[in-house]
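Q: Sequence:
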Amino acid sequence: YAKAFKSPLADDGAAFKYVVIDTTTPSLLMMKPYETWNSSTHAGLNMCYNSDSSYCNPQINTANGGTIHVWASPKYIVLLSYVAGVWGSTSNLGASVIAERSRLWPNDTTGNGWPPWVWFDTGGVQNATSYPASCPRRMNHNGSPLYGADAILDLNIGPWGTINTGLGAVNFGMQGKIKNPSSGDTIPVFELLATKGTVSPQPYGSISAVSGIYAIPGGILGPLDQLTYNDIVYSCVKGYQDKVNFLVPRG
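Going by my numbering, the final residue of the sequence shown carries number 308, and the count climbs one at a time with no gaps.
Hints listed in this document are in silico derivations from the structure and should not be mistaken for laboratory results.
Fair warning: this is a prediction, and the values are worked out from it, not measured in the lab.
Beta carbons are placed, not taken as given, at the ideal position from N, Cα and C, and that holds for glycine.
Among the clues, some could well be false.
As the list claims (entries may be wrong) - Distance windows between CB atoms, simulated:
1) L203 x E248: 36 to 44 Å
2) P238 x T166: 40 to 48 Å
3) T124 x T222: 15 to 23 Å
Unchecked claim - The calculated DMTMM-like cross-link candidates involving lysine to aspartate or glutamate, where the alpha carbons are at most 25 Å apart (straight line), are:
4) K89 x D242
5) K234 x D207
6) K60 x D109
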């Protein structure tokens, strides 16, 4: 079974992002995003790199069952599986995410048609450089388009830099909390940015600013634990080995 869905962009209701939810691969629930989709030929253009990897998609087990947790809005979709005691994808142990970002480059405008959204696996982006975030098409420093494996991205976490070399390289655990004299210990919450440091020091955009998805130190909250931040209730979505976890609006 495979079914295509579309959702309008937050800053351009006449443009869309597309995703195919696909169960044709045994034991996997694949979430494959495309920049465009032809409803007549049932084919997409510019699929996000690695989004069809068996290491970066939720598991399913039709024989013994399991659970698929879904968070969705017009701006994002997050799928997280729990099968046979294992959270998330087979090796990377994360959730599959499609999320819109802001536009921070001057010529990244609705009129110029650049897709302002990102795909990533919350475990894959921390496990190895083999499973980076990606987008269907991104702008090079000279304004030219990059596709496929050339359209990969880094995820930066607030002041910590890239997820692997920054916050993800330090296992704080409960020591990641900070003292708050008015309300006890507080969990720090960090902005999530789509970047590519080898192209430009300027991030492409903020995922947190548009989709409301943030990063927190791992080892503090468990999967699906809830946290209220700025009067919004979030669910904790795990990353690889609890190095960095993510907050997704509970809805």
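Q: With reference to the structure, classify each hint as holding or not holding.
A: Hints and how they fare:
| no. | hint | verdict |
| --- | --- | --- |
| 1 | L203 x E248: 36 to 44 Å | violated, 24 Å |
| 2 | P238 x T166: 40 to 48 Å | holds, 45 Å |
| 3 | T124 x T222: 15 to 23 Å | violated, 33 Å |
| 4 | K89 x D242 | violated, 39 Å |
| 5 | K234 x D207 | violated, 37 Å |
| 6 | K60 x D109 | holds, 15 Å |
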